[in-house]
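Since the structure of chain A is already known, use the hints to place chain B on it.
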Amino acid sequence: MKSASATERDQQEFEARLEAHRGIVFKFANAYCPAGDERDDLVQEICLQLWRSYPGYDRERRFSTWMYRVALNTAISFARAARTRGLRAVPLETSAAAALAEAPLADRTDERLAALQEFLQRLGDLDRALVLLHLEDRSYREIAEVLGITESNVGTRLSRCKDRMRQELAPQEREIADGTR
Amino acid sequence: MELDELKSLWQQTDRRLEAMVPALRLQERLARAGALDRARAKNRFTHVVLWYEVAFGAVAALLGGSYLADNLGELRFAAPVALLHLAAILTLGLAAWQLVELGRIDYGGPVLGIQRRLANLAVVRASGIRWLLLASPLLWAALVVVVPHGLIGLDVYRAFGIAWVGGNFLVGLAVLVAGLWAGRSARFGSSRLWRGLGDDLTGRRLAAASGALDDLAEFEREG
Numbered sequence: 001m002k003s004a005s006a007t008e009r010d011q012q013e014f015e016a017r018l019e020a021h022r023g024i025v026f027k028f029a030n031a032y033c034p035a036g037d038e039r040d041d042l043v044q045e046i047c048l049q050l051w052r053s054y055p056g057y058d059r060e061r062r063f064s065t066w067m068y069r070v071a072l073n074t075a076i077s078f079a080r081a082a083r084t085r086g087l088r089a090v091p092l093e094t095s096a097a098a099a100l101a102e103a104p105l106a107d108r109t110d111e112r113l114a115a116l117q118e119f120l121q122r123l124g125d126l127d128r129a130l131v132l133l134h135l136e137d138r139s140y141r142e143i144a145e146v147l148g149i150t151e152s153n154v155g156t157r158l159s160r161c162k163d164r165m166r167q168e169l170a171p172q173e174r175e176i177a178d179g180t181r
Numbered sequence: 182m183e184l185d186e187l188k189s190l191w192q193q194t195d196r197r198l199e200a201m202v203p204a205l206r207l208q209e210r211l212a213r214a215g216a217l218d219r220a221r222a223k224n225r226f227t228h229v230v231l232w233y234e235v236a237f238g239a240v241a242a243l244l245g246g247s248y249l250a251d252n253l254g255e256l257r258f259a260a261p262v263a264l265l266h267l268a269a270i271l272t273l274g275l276a277a278w279q280l281v282e283l284g285r286i287d288y289g290g291p292v293l294g295i296q297r298r299l300a301n302l303a304v305v306r307a308s309g310i311r312w313l314l315l316a317s318p319l320l321w322a323a324l325v326v327v328v329p330h331g332l333i334g335l336d337v338y339r340a341f342g343i344a345w346v347g348g349n350f351l352v353g354l355a356v357l358v359a360g361l362w363a364g365r366s367a368r369f370g371s372s373r374l375w376r377g378l379g380d381d382l383t384g385r386r387l388a389a390a391s392g393a394l395d396d397l398a399e400f401e402r403e404g
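Residue numbers (our numbering), protein chains in the order written: chain A, 1 to 181; chain B, 182 to 404.
This is chain A alone, in the form it adopts within the complex (with noise of 0.2 angstroms):
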C-alpha cells in the first residue's frame, strides 16, 4: 500500500503533466462535444479519467501518447451516451463556429478553424479521433499506437478525410476568400 507521501508525490507529479499537457484536453472535449455545458463536464470527465487511470500509466511510454488515448477513449464514450440521450442535437449557432467566435476576430484565421470545427462534427468518431491527432502533428506510427490499427489503415484514411475535407470545404473557402461568410 503505498504512504500518503508517496500519494501526493503521485498527484503532484501528475498536476504537472496534466498542466503541461493541457491543451489535449481542451481541444479533445471541444471537438467532441462543442456545447457549452456539456463540454465543461466533458473537460471535467476527461481530467477525471486520467486521473483515475493514472496508476497504470508505465512510465516507459510516453505521457502524451497515453493521455491521447485516455481523453479520446472518455470524449468517444461520452458523446456516444449524450447521443443516446439525445443531447446531441446541439444548433450550430450555438455549437464549434459560435464557440470558437466568443474569441476575439484577429483575421481569416478564426472563420477558417471555425470551418475546420465544422468538418470535424461532421466526420464519425473515430475518423474525426484520427484527423485531430494529425492536427496534434502526430506521427502515422503514434496515431496507429493510439487508435490500435496499422500504420497503412492511418494513412489509407487519412487520405480519405482529406479529400473529403477539400470537397467539403471549397464552396467556404471561396466564401472566406470573398468576404462573404
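None of these hints come from the bench; they were simulated from the model.
Heads up, some of the hints might be wrong.
Derived Cβ-Cβ restraints for the label pairs, each shown as a range [as the list claims (entries may be wrong)]:
| no. | chain 1 | residue 1 | chain 2 | residue 2 | range |
| --- | --- | --- | --- | --- | --- |
| 1 | A | 41 | B | 285 | 21 to 27 angstroms |
| 2 | A | 168 | B | 362 | 38 to 44 angstroms |
| 3 | B | 280 | A | 5 | 29 to 35 angstroms |
| 4 | A | 64 | B | 313 | 39 to 45 angstroms |
| 5 | B | 374 | A | 151 | 41 to 47 angstroms |
| 6 | A | 63 | B | 355 | 54 to 60 angstroms |
| 7 | A | 168 | B | 240 | 53 to 59 angstroms |
So the derived list for chain B, only partly shown, Cβ under 7 angstroms to chain A, looks like this [unchecked claim]:
| no. | residue |
| --- | --- |
| 8 | 191 |
| 9 | 278 |
| 10 | 281 |
| 11 | 284 |
| 12 | 287 |
| 13 | 288 |
| 14 | 291 |
| 15 | 294 |
| 16 | 296 |
Small disclaimer: the values here were computed from a predicted structure and weren't measured.
Where a beta carbon is used, it is the ideal one built from N, C-alpha and C, also for glycine.
Chain B only, in chain A's frame:
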C-alpha cells in the same frame, strides 16, 4: 483549404479554448479529484444499477431455487418457477459479468480495442434487457402462480382456475404490445427513464449499439 495547412492554426487554439471554459482551473479541480473520484465512483448510475441487478438476481435466484427444490414433483408450480429462476440467474450473471468487464477496462488502452469492448458491453446489455422485456408477459404469468403459493400457500389454479392465469398472461401481452406501440410512435414523453424503456423495448438501443460495433469493425478494416 488543406488539412495540413490548418495544423499550425489548430495548435494555436489551446489558449482560446481554455478561455472558453472560464470555470475551469485544472489545479483546483485536481486538488479535489481524489475526493470527487471516490464520490463519483460510488454514485455512478451504471454501477448502482448493476449492483442492484446483482443483488436482486441473487435473492431471486436463491428464493426461486429453494421453491423449485420444494416443488419439483409438481409440474404446474415447478415449470413457472423454473422460468423465473432462469430469468434471475441470467440477470445475476449478466450484471456480474458487466461489472467485472467495466472494472477491467483501462481507458489508457488503444482506442479501437477499448471502444469495441464498451460497444460489446452495450450490445449484450441491450439484448439482455430487450429479451427480459419481451418475455415479461410470460414471467408475469409465472409470477402470479408462484408468489401467492410461495407466500401464503394459495394455489391459484384451484382458487381462480387456469383461465385466470391465462388471462394474466394476456394482460401482460397487451401491456407489452401497448408499450411497443408507444415506443415506436415516440409516445413515451420526455422522461429519460420512459424514453429509455421505449428504446429498449423497440430495439432502438440494441440497433444503436450494434451500429457502433459495425462502425468500429469498418474502421479497423483496411483500404
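Against the structure shown, which of the earlier numbered hints fail to hold, in ascending order? 9, 10 and 11
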